[in-house]
Amino acid sequence: MSQEIDVLVIGAGPAGLAAAAAAREAGCQSVMILERDDAPGGILQQCIHPGFGLHRFKEELTGPEYAQRFIDRVNELQIPIQCRTMVLDITPDRQVTAISPERGVQLFQAKAIVLAMGCRERTRGALMIPGTRPAGVYSAGTAQRLVNMEGFMPGKRVVILGSGDIGLIMARRMTFEGAKVLACVELMPFSSGLKRNVVQCLNDFDIPLLLSHTVTQIHGRERVEGVTVAAVDEKRRPIPGTEQYFECDTLLLSVGLIPENELSIKAKVPLSPVTSGPTVDDSMQTEVPGIFSCGNVLHVHDLVDYVSLESEVAGREAARFAAGSTPVPAAYTLVKDGFGVRGCVPQRIRDAGADEKVAISFRPADVYRNATWQIRAGENILLKRRAMILTPGESQRVELPREQFKGIPEVTVEVVMEEKK
Amino acid sequence: MICIGCPMGCELTVTKDANGEIVVEGATCGRGKTYGKQEATAPERTVTALVALEGKKRPLSVKTAKPIPKGKIFDALECLKTVRAKAPVKIGDVVLSDVCGTGVDFVATENL
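Here the protein sequences come in this chain order: S and U.
When you line the first sequence up against the numbering used here, it's residues 1 to 421, in that order.
When you line the second sequence up against the numbering used here, it's residues 1001 to 1112, in that order.
None of these hints come from the bench; they were simulated from the model.
Partial selection, computed: residues in chain U whose CB lies under 8 Å from chain S:
no., residue
1, I1004
2, P1007
3, K1057
All C-beta atoms in this analysis are idealised placements derived from N, C-alpha and C, irrespective of residue type, glycine included.
Given these sequences and hints, build the entire structure.
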């Protein structure tokens, strides 16, 4: 009944594409990708702006261009991508149920699975903004898809809540398409987006960035007619008397991304409360044997270049698992978040593995200037890095030899000597 | 101006000294000095945009093959409105050549 596959990859975004190619290059002959969209490429299809690939290809590409390089590679390797296919269920023993208009219900039995479903945007519901429920409130990514891929403009006068990179990018896109972007409103005292995007998407077009402000009310019955914006205090509570009204027909939300782990939960994969993604070892294997995870479903990335790198590890290791050639680790080193550090990935490092180097990444919890961060095992400092600035908008990544962790039960990644701004 | 070289976002002040030499102050690294000079004298941007695709509802994404002067962004977008691309299109195909006398082409950034 069920089709047998060695490495089954869920999702044909940048993570799934890189993982599948790496699995095949590691010698696995039976690799397949399932994708729910009409075409591969994932979110990159709608990211038509430049800035991708500087690390990977040493040149600046747009999203579709970056994706195409990996789609071409997957095609060269003759890896089947089955689009318009929604995975409904994954069991801990790696049975996969999928459904598509062309093939109906399909059952797969995989030797290894790579979870590469990506993330989705936080919605209005998660923010609890008071007011009516008119049309015209979109997540920034939805607006991005409507404008860039489907040829619709969501509105003419726009306010953006949240200064994440997608919101900033959409401020420029909407301006280019003839809309007036009135303001970008950010709850925190700093933007969570890249500096370059603040400058080139807001400042270039004189769009004000209102830091420590939030939208306190949405007005309009059928369609958005305006929003009320107020300053917030240090506890992020609106300050009475600071309200200002913006007349607009559209509110875009760029207020955070959540890894999309419904399938992981069905497969009984334990998740980290910090990253909202699976807890993994350095091979990107979750705590369920044979189920691997990479890309934004594992933890939200800033740069696709690192998604590709991480996913190649997952794909390679999934191929090794399927071939039964994964060494059984005798011990693990646990990786803990220390002061100023959130969401270290991986959460544990095996004492044995085919790759000699192990990558650790994390997100700073706050803005720290002239800071040092370190990896510490008790009194012993394994690595020390100085940084002129650490910000939550820019995750940090380092590669270390596996040997350095041998015999160490636990390391802590932490910020020290900070001069908090 | 704010430097975009890294998340520091140094506040740069760019002036000319008595000899007409450009002086960048406030940069904490060499990249900042280079950026400040370029941005003050000849700011440039790679422009990414959309162009209508004949017979299709969805647009085609394009970019300027090289950065163009910042002051010409909206002229370039205006020029693009007069163009219709025809499928099949491949990445790198020229959609509009010599945009507004810049010598730079708009090229396709997706295969459609």
